[in-house]
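All chains should be built: construct the whole structure from the sequences, respecting the hints.
Read top to bottom, the protein sequences are chains V and R. If you're matching positions, the first sequence starts at 12 in the numbering used here and goes up one per residue. If you're matching positions, the second sequence starts at 5 in the numbering used here and goes up one per residue.
Take these hints with a grain of salt, some might be off.
Per label pair, the in silico range of CB-to-CB distance [unchecked claim]:
hint, chain 1, residue 1, chain 2, residue 2, range
1, V, Q87, R, R56, 19 to 25 Å
2, V, R110, R, R25, 38 to 44 Å
3, V, R110, R, T501, 32 to 38 Å
4, R, R84, V, G80, 48 to 54 Å
5, R, L450, V, R76, 43 to 49 Å
6, R, A41, V, S51, 38 to 44 Å
7, V, L54, R, T62, 23 to 29 Å
8, R, R56, V, Q35, 18 to 24 Å
9, V, Y121, R, L83, 44 to 50 Å
10, V, R76, R, V866, 55 to 61 Å
11, R, V866, V, K99, 30 to 36 Å
12, V, Q35, R, V801, 54 to 60 Å
13, R, T62, V, R110, 32 to 38 Å
No lab work stands behind these hints, which were simulated from the structure alone. Quantities reported herein were computed from a predicted structural model and do not represent experimental measurements. Cβ atoms here follow ideal geometry from the backbone N, Cα and C, with glycine treated the same way.
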Amino acid sequence: MSRQRNDILQGTLVLLILKTLSAQGRMHGYAITAHIQRASADLLRVEEGSLYPALHRMEQDGWLRADWGLTEKNRQARFYTLTAAGKKQLATEQESWARLTEGVTRVLRYA
Amino acid sequence: MGWYRRFINVVRPDRLSREIRREMDFHMAERADELMAGGMGEADARREARRRFGNPSTQQERTRDTDILTWLESLGADLRYALRALRASPGFAIVAIVSLGLGIGANTAIFSLINAVILRTLPVERPEELMQVTMGGKEQGTVFTNPLWEAIRDRQDVFAGVFAYSGTEFDLTAGGESRRASGAWVSGDYFSTLGVRPAVGRLLVRDDDVRGCPPIAVLGYGFWQSEYGGARTVIGKTISLDRTPHTIVGVADPSFFGVEVGESAQVYAPLCLRPGLDSRSNWYLRIVGRRKPGVAPQQVATRVSAIAPAVYEATVPPRWGVGERAEYLKNGLNVVAAANGLSPIRRQYQRALIVLMAVVVLVLLVACANVANLLLARAAARGREMAIRLAIGAARRRLVRQLLTESVLLAGLGATLGIVFARWGTSLLLGLLSRGQLPVSLDVGLDVPVLAFTLGVAILTGVLFGLAPAWRATRIDPQAALKANGRGVAEGHSRFTIGKALVVGQIALSLVLVIGAGLLLGTFRRLVTLDPGFKRDGVLIVSVNLRNAGYQANRYGMVHDDLLGRFRSLPGVQAAAASVITPISGSSWNDFIRVDGFTPKSADDALAYFNEVTDGFFAAMGTPLVAGRDFDARDRLGAPPVVIVNEALAKKFFHGASPLGKYYRPVEHDSLGAPIQIVGVVKDAKYQELREEALPTAYLPLSQDSAQSPYANYVLRTAGEPSSLAPSVNAMVAEVNRSIALELTPLSDQVDASLARERLLATLSGFFGALALLLATIGLYGTLSYSVARRRNEIGVRIALGAGQDRVLRLVLGEVARLILVGVTLGVVAAVFSTRVMTSFLFGLSASDPATVAGATTIMTVVGFAAGALPAWRAARVDPIAALREE
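Right, here's the structure in full:
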């Protein structure tokens, strides 16, 4: 697998994408960035440079399915949907995220 | 994304790039829209959208690379990782690769023979158009007389070209002991119909094949190379064929070996040179045609069949009886596909090769089970590794894929080694085949079908033995595996059950192979040791042909009498005699006889077999005379005709009463010959083959045959090695006349040659049976060793609590006994069902011969316990303190 330097961010991005698609259903790339930005009250901004490689890799891993369709503005866009494997992956990632944050929080609190 | 799409992505990256570009353009358009909604001008908005996105080309490449490289790179990483993993445990890798190499090599070797003998088409132009002409009917005869061939050639209208040929062995020497080269008499259109080109000079053409043609010959390429070193100056030189000089006119193309698979014609001579062309009862020609383009095979059959009555009407053999003529005219004509060539080897070995293929597939399965077992043990050892990789987010599919890459890599290495083994194996196989009655020449090189087969087998086995262990290895709970302190926890109980099932399967399959080998070896042993009715050792057969030695035909008898006398006085010769037919030579002569008081149940029921011999033949062969007398000086031409019969003839035609002094009459076409008096009875002896039931046989005295034959087969009995007589025999015959052609064969070699197929089957099944046994032993040993290592703590506790060494031994050996019992039971049941296909190969025992089954089972059990003894002993020697301290 090609390795990125920002591994943690990469992992988080995957979680965010999975969660977004799980909540919103079928979406194209731009709508995903928009949603993450909006939902995080502008705290998080998705870099386009990471988004598409991530989407394509997730598709390769079988978590997402992609197909071409028309937007409401009648533009051709590539829409992504969560697969069953993606849903399972989301559960796993959510759990490990929870563990990670809990661990980090504890360290910050007691160390 | 499916494999297909990924593959397309790799092959057509431009298409993928365009898609990604479209996706990105959309993204920037949306961004620009948003910016414009915020009040920015259109041009600025576009520029800003682009700026924020970064360089789209770089993005495009990165995204595309993710798609392609994720796949390719992970494949490369898998391979590198797999190689590293194999290097890390060389012992495992070597055992696995050698097991697979033997299994795959055996399969490749047998398949390359099957490919060469059965599957491959002739290396000629458009082989699918070739058809062989047969006689149709239920006998499907394939040989014709020359008059029949000429009639068919002149009347047919469906072949663009048609030819006849007859395989033969030419005598190459001009004087002294014969040296044979396989060759063929071929009709004029032989080469043109097949589309063969000359390598040097010219090939035979239609005009070469006319009555009274000059003696010329074409050489096969291999013969040209081996005899003449490939010298082009050979054209125009002469070669002696059957003691007659022939002018060499050309050499055939290197790839051409004739139309008979397994034989390789070295010399071709025009059919017109063959003696006896006009005989209507001399059957020796095979006919092959190339159908005209656009004529369907079915049409060819119909048209050929239509000319049959006229063809047979024109060629009725003279002097045949009314009944025989009617039978003759009933014959038809038909065609069969000949794209793969014609092959006596194929007829003889097809079934044997298929049985061997089944055997090697079983061996490969046992090898696969072995490797699967090793992989399972390894998977247990790598439980932590898998757990960690799962825990840090590797997809299970991904791990399975990586483990499968490892197994396919193993299989690939095994296949490479297998190809090396197969090269040895095929030359060994050809050696075994060539000890038969027919010389065998096959091209068993690695061609595309063989390599494709090996590759397919390698991939299939890789997946077959890799899938279950990979599945098990990745089915672990990472948390549990990581929390528990290491060893022994990652593998659940069921993992071990797979291992045991594999061992049981190995034992069962190996037992089937050992039983099969036992049956074939038993058959071979019975055939080799049976009493054939003559003593096969110590006899030299000297085949003499006076035809081209310059004698008048009416002097042949005298020359033979002279030769016999000289043979008898040769030092070292205890007894000598002459005969027309020697046993197990492939020649046979039969006719109907009439005996008063015997009513045949059918026409064939009155058939008897014949030979003509001189006095002393039975003594030389070691066949006891049980009643009456041998031939002697009384039995001259003109004296009352006499005969010696064997016990089988006496029993059948005289109902067991003594036939001495009684008569039979030969059936000659529609009439009966003069009665012949029986003066002696000999013990039954094998005539055509060792397997036969004793055939009713009559031995006539050569001295009463008025037709003087140029041929005779002398049998010389000696106390020593028969071939040691060769120099003195050669010198003696050369002294009489250097032009006399002679060939020397020990009788035991002639008998052995008839067992080539049995020897092949016995040798190979024995070898493969032993191999399977060895693999199963390794499997059993490995599984038990592993099981003992795993239960070290438990055993330590048992010993600490007072269990004696014998209890521990019993514990482990009990497990061995259970595995063997289940495996052996399954094996015996499987063998009873599967060895039935071998019935036609067996002799003197049934396919479920109890002694063989019992013997094989005993061997399996003993070997199994031997494999279990070492781990059991190790278990008994466990030091409880050390074992428990490890905990």
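If any of the earlier hints don't hold here, list their numbers in rising order.
4, 6 and 11
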